[in-house]
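2 protein chains.
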Amino acid sequence: MNVLVLHAHPEPRSLTSSLKNFAVSALERAGHEVRVSDLYAMKWKATLDIDDFPAHADGERLYPTQASGRAFATKQQAADVSAEQEKVIWADALILNFPLWWYGMPAILKGWFDRVWAAGWAYDVGRHGGSRWGIRFGEGTLQGKRALLVTTIGGRAPQYGPRGVNGHLDDLLFPLTHGCLFYPGIDVLPPLAFFSVGNRVSPADYEAMCARLQARLDTLATAAVTPFRPQNYGDYDASQVLLPHLSPAATGLSMHQRMHADPVPVIRSLSESLQLEGCAAEER
Amino acid sequence: MNVLVLHAHPEPRSLTSSLKNFAVSALERAGHEVRVSDLYAMKWKATLDIDDFPAHADGERLYPTQASGRAFATKQQAADVSAEQEKVIWADALILNFPLWWYGMPAILKGWFDRVWAAGWAYDVGRHGGSRWGIRFGEGTLQGKRALLVTTIGGRAPQYGPRGVNGHLDDLLFPLTHGCLFYPGIDVLPPLAFFSVGNRVSPADYEAMCARLQARLDTLATAAVTPFRPQNYGDYDASQVLLPHLSPAATGLSMHQRMHADPVPVIRSLSESLQLEGCAAEER
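Protein chains in written order, with the numbering used here: chain A, 1 to 284; chain B, 1 to 284.
Chain A extracted, bound-state conformation (with noise of 0.2 Å):
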C-alpha cells in the first residue's frame, strides 16, 4: 500500500514524533510506500486565506468556498495545497498521528484541512439540492482510501469513555472522523488512542505502545472501519436527517453510526454517482 503520514508535533524528540518515526519504519519493513507530511517540519501554512489563491485578482472580495474551488478547477491552487491534494491521492491509506490539544486536532493540522480540503474536489462534489445533497459522506473523491487515527492524550482512559466527563472520544473526535475524512469517501479505522501521557514514558510503557501500534499497522488494510452511515442509501430522507426508525433510541452522534441489524449498502463508484446525478465527470 501507498501511506501518507500526517504528523502535527512541534517537538522531533516527543513521544508524538517517537510514534510517527516508529510509524514509519514499521510500515517500510511491511513493504509499503510511506510518504510522511510533518506539518511543523514543513512550516505548514495553517490559516486559509487570500495568499492561497494566487489567481485572485487585488481588491477582489474574498469568497472562500468559491476561491478554492475555481482555484482547484483552473489549477491555481497555491503550491503547498496541490503538493499535499497529490500526496492524498498516491495514498491508499492515511495516518493522522497528533496530540489531542483542547479536545481536537492542533491548528496547524486543522489548517490541513481547511487548505488542502479544496472545493470541487473534496467537497461540493456532484450537484446539491432538491431531494438529495451533493456527493459526499461515504461516496466521493477519496472513496477507496482508509485513514488510522493515531492520538497521544494526556488524560485518563475513563474520563474519554462513553459516559467520562471530557466527552466520549469517538464524539470529540466526530467533526475530523466523519466530518473531514468520511465526507469525501475516505473509510475510518477506529482511532487508537494513548491515554495518561506524561512528560515520562517509560521503556516498557513505550514498548508497549509501539506493540499496539504495530498490531493496528498489520491490519490497515483490513481491520474493521467504522461503520458510518452513508447519506445518499436510504437511511436519510430528503433533509438528511436520520430516518426515525434507524437507532431509533440513540440521543448522541452514534446514531450515524450503522447497526448490526441494518443492511449493509453497497456504495457506487464515484463515476456511478456522477452519472446517476447526470453529471458529466468533466464537470466537476
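There could be a bad hint or two in this list.
Same chains, same label: a pair holds when it works inside one copy or across any pair of copies.
As the list claims (entries may be wrong) - List time: in silico DSS-like cross-link candidates among lysine-lysine, alpha-carbon distance up to 30 Å:
hint	residue 1	residue 2
1	K45	K87
2	K45	K75
3	K87	K75
Please keep in mind that the hints were generated in silico from the structure rather than gathered at the bench.
Fit chain B to the known structure of chain A by using the hints.
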C-alpha cells in the same frame, strides 16, 4: 459589561465580518466596553511552537504543557499570548464570531486556544489525581464570565439538527463549548448559528440576521446558559465518569448537561476551591 469579540474571517467584507461589525456597534450603543481580537487582521500566529516560549533554552526538548506552565508562572510568555490573556481577564463576556469550517473553528481560532489557554491558568489549576481531578469544568480561573458563539454555516439547518446527517450542531461544537470554554469555568450561552449562508445574502435576510444577533446581544448578561454539569459537585464518580442514575437514557454528549430534575449546584469560587484542595493560591 466588558466584551471581548474574537473574530476569525480572512475577508473584512464577508458576511461574518459584517456581523462582527454589527455586534461591536450594537454593544457600544448599549453602553458596553468592547475590545476586538480580529485574528486575521492581527496576523495571529496559529501554531503553538517553541517560539511561544522565549525563555526556552536552545536545544532543550519542548514539552508543550510544561513549557506553557513555566512561561506563565515566570511571566515569560510570548507577548501576543499574554496580551490576549489580559483581554480575557478584562472581559465579562466573550463573543466568538467565525464561519464553521469542516465542522469546527477555522485553524486560526483553534490556534488561539492552543496558545492562549496556558497551563496553570486555563488548565492544570488545582491538584489533579486521587478522587478529584483538578479545578475545571465549571470551576476555574475564568469563572463568572460568559461566552456566546456566533457562527455562519453553509449547510441547511435540518442537517445540523438532533438527527441531521452532519451531526447535531451542539455536539459538533462540544469540544469548543464544553472543552475549551466551560473547562476554565466560562458559562456558555446556546450558540447563535446562521445556516444556508451562501455567497449572496439579500438585504432583507441580512436585516433578519442582525435582528437575531441583536436579540442575543441584548440578553448576553441575562440569558440562561447551557447547563453543563460541573465536574466536582457530585455528578461524576472518582474516575470522572457520570453516575449511572444521571441522564440514564442519553447515549451522547448531551448527557453532560443537567436535566430539569437534577439539583442545581452552587459553584464555589476559585479561591474556595483551591482552599478545599489544600492548595495555597500562590502555589498555582
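Structure-based check of all given hints:
| no. | hint | verdict |
| --- | --- | --- |
| 1 | K45 - K87 | both (17 Å within a copy, 26 Å between copies) |
| 2 | K45 - K75 | both (19 Å within a copy, 28 Å between copies) |
| 3 | K87 - K75 | within (16 Å within a copy, 42 Å between copies) |
Checked against the numbered hints above, the structure breaks none of them.
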